[in-house]
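Visitor: From just these sequences and the hints, can you work out the full model?
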Amino acid sequence: MEINNIPVIDTDILVIGGGTAGPMAAVTAKEQNPDLNVMLLEKANVKRSGAISMGMDGLNNAVVPGHATPEQYVKEITIANDGIVHQPALMAYATRSFPMIEKLDSWGVHFQKDETGDYDMKKVHHLGTYVLPMPEGHNVKKILYRRLRRNRVQIENRYTATRLLKDPDGNIAGMIGVNTRTAEPIIIRAKAVIMATGAAGRLGLPTSGYLFGTYENPANNGDGHAMAYHAGADLANLECFQINPLLKDYNGPACAYVTGPLGGFTSNAFGERFIECDYWSGQMMLEFFKELESGTGPVFLKLDHLAEETIQEIETVLHTNERPSRGRFHEGRDVNYRQRMVEMHISEVGFCSGHSASGVWTDETGATTVPGLYCAGDMASVAHNYMLGAFVYGQICGESAVEFAKSRREPVLDEAFIQTELERIQAPMKRADGIPPEQMEYKVRRLVNDYLQPPKVTRKMEIGLERILAVREDLPQLCARDPHELLRAMEVQSIIDCAEMAARASLYRTESRWGLYHYRVDYPEQDDSEWFYHSRLFKDENGQMASGKRPVADYLVPLGDEKDAYRKMRVQKAANA
Amino acid sequence: MPIANHHSSVPVIVDEDKCIADKGCTVCIDVCPLDVLWINEDTGKAHMKYDECWYCMPCEADCPTDAVTVNIPYLLR
Ligand SMILES: Cc1cc2nc3c(=O)[nH]c(=O)nc-3n(C[C@H](O)[C@H](O)[C@H](O)COP(=O)(O)OP(=O)(O)OC[C@H]3O[C@@H](n4cnc5c(N)ncnc54)[C@H](O)[C@@H]3O)c2cc1C
Ligand code: SF4
Ligand code: SF4
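Protein chains in written order, with the working numbering: chain A, 3 to 579; chain B, 102 to 178.
To be clear, the hints were calculated from the coordinates, so they are not data collected in a lab.
For glycine and all other residues, C-beta sits at the position ideal for the given N, C-alpha and C.
Just to be clear, a hint being listed does not mean it is correct.
Below 16 angstroms or equal to it, Euclidean Cα-Cα: the simulated EDC-like pairs (lysine to aspartate or glutamate) are [as the list claims (entries may be wrong)]:
1) A:K432 - A:D484
2) A:K445 - A:E468
3) B:K150 - A:E440
4) A:K144 - B:D131
5) A:K250 - A:D336
6) B:K150 - A:D484
7) A:K408 - A:D37
8) A:K292 - A:E278
9) A:K144 - B:D163
10) B:K150 - B:D131
11) B:K150 - A:E311
12) B:K146 - B:D116
13) A:K551 - A:E532
14) A:K462 - A:D476
15) A:K445 - A:D484
Per the computed footprint, the stretches of chain B lying under chain A, defined by three or more beta-carbons under 8 angstroms from a beta-carbon of chain A, are [as the list claims (entries may be wrong)]:
16) 120-129
17) 160-173
Guide: This is the structure:
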């Protein structure tokens, strides 16, 4: 079949995004049924794409027998996320977490073990023990790549997906995208689609002003969120922004999970600890923010009290893994962990379920509200999923997609829709002059910082929304000189979509929740009577962006006495201090 | 709206004496997640064409001849 002289490529299962969750989903689908055609499409190159491009230094949320139970984990994350979680999805993760560690271990991923050969778990969370270091974690991508090849997954690098396709019954039918080097469009028909395009990391602007200095890998710009929205899928809790504690001007975590277990901590200007627990939660970030703005600010990572060999151990991990340019950053400023504390700051805002809870709504099977469309990793809505959650939900989605594709015949494509999308893709390169994507991106992200970054204020967000919509009006002038700029031009359209979603979702929830993530100054209290719901964001019948409420599913694990544990983040000073 | 070119200093440096792109190597170009490294038409060697770097370092780590150096972008330095 051809549309506009473009051959339609057929596959059984299509996975979009080859970072962390995507490769696991593709390999799982092949493991389930080697006869299926499984295609993995990636904007960059699966060898080095995504958040774990240079490896990772630990599992932040591992549930390992003997150290924690799935019930304890589900309870901790429910409390850390102020009650708004889909516990069945957390439970599915928690129960599969350990088998996934063992699977990765058997593939050659090295996790830290103690003298007895047991996993060397560390306590960073407020209540339980869930952090598993992997100081030799730099080869994760290589191991995944080997599995993709061995299982004969068909890999398409350097294509960016731009829109999902649906059949006349509303089931998923494939995608359309464009080659980032040639600007040639691609049309793929698939019986089931798994999206794993990561966080929406290019939403806010880092304080340095450098567009690509984001916490998240900047290839993750929210395309998946925008595509899911346009395909009619529900998104959930988008106002629960991701905001992370980072080094000032450097986008590496500071880092609670590596330095915390070795005695490092987050301190104020006087070298004093002010938060009880460094595990990343909205409540922790709120205390961080308050300290930053206070007379005892700014905030620092304190390591200068540690022994020489401990510092060397920290340097080895932090300067070779995950964000290995960190050492160069410190060198350039003459900063040595031994001599002084390192200034910290908060990251730009984004959507990310890996670290908070915002994303495309998915249940415990990885299913979205569009039949046949599954989502895994940072873009799906399962709270605090991190890297192991991306692997587990990649696996879950792989299984679910195979099941869905089983009974499905070749989907019918909507040619008129494809036609319109091809025109949208081709438009920016047809313009000889206009507005380059970089300028448009800078503008919309600067507006996100000015108007949407917490503390959130209603009137400011309304103005922000108005200004963001005004940028959208400029889209007919968006121009691109080459295929690379076209990639950025397609990305900025997703960024505008995400910015509008961020504004509307934040305006919808008229309470404060999740600490700093949705700290709404004119509604300062958490209001469980009105807002003990997931917020929904979706495209309504008229094509308008709409909001609604989704009830929180009955808890599988009651919270008991500890339900307010994450509200008590600030270190209490003794009365005589 | 007319467009102007503006200069910017880029963080990634390729040592042209070491780079063997003219012998067919494209490793750094292949692995870069942001697709900002390209062959320089004038020299036949790899170079950073777009100032859109995550300073993540696969280009440097994977280069077979150690020709690539990733610096911190000037705005952050
Ligand atoms: C700096 C940093 C440190 C972290 N540290 C830890 C840690 O120590 N422990 C831990 O457990 N977790 C950590 N995390 C979180 C963890 O890495 C992520 O939760 C996880 O890797 C997310 O996996 P993913 O598959 O959702 O996204 P990714 O692995 O980022 O993959 C998304 C992929 O989608 C591709 N893509 C995007 N848009 C498109 C498109 N339109 N078309 C095609 N492809 C597209 C991207 O190129 C990318 O390859 C860290 C994250 C970061 C950024
Ligand atoms: S990887 Fe090294 S040798 Fe190969 S093209 Fe890049 S700089 Fe040149
Ligand atoms: S540091 Fe990363 S983003 Fe920058 S050029 Fe190298 S691979 Fe590309």
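Visitor: Next step is simple, just say for each hint if it's right about the structure.
Guide: So, going through the hints one by one against the coordinates:
no., hint, in the structure
1, A:K432 - A:D484, "holds, 10 angstroms"
2, A:K445 - A:E468, "holds, 13 angstroms"
3, B:K150 - A:E440, "holds, 15 angstroms"
4, A:K144 - B:D131, "holds, 14 angstroms"
5, A:K250 - A:D336, "holds, 14 angstroms"
6, B:K150 - A:D484, "holds, 12 angstroms"
7, A:K408 - A:D37, "holds, 12 angstroms"
8, A:K292 - A:E278, "holds, 14 angstroms"
9, A:K144 - B:D163, "holds, 12 angstroms"
10, B:K150 - B:D131, "holds, 14 angstroms"
11, B:K150 - A:E311, "violated, 41 angstroms"
12, B:K146 - B:D116, "holds, 9 angstroms"
13, A:K551 - A:E532, "holds, 10 angstroms"
14, A:K462 - A:D476, "violated, 22 angstroms"
15, A:K445 - A:D484, "violated, 21 angstroms"
16, 120-129, "violated (count 0)"
17, 160-173, "holds (count 5)"
This entry does not satisfy hints 11, 14, 15 and 16, going by the numbered hints stated previously.
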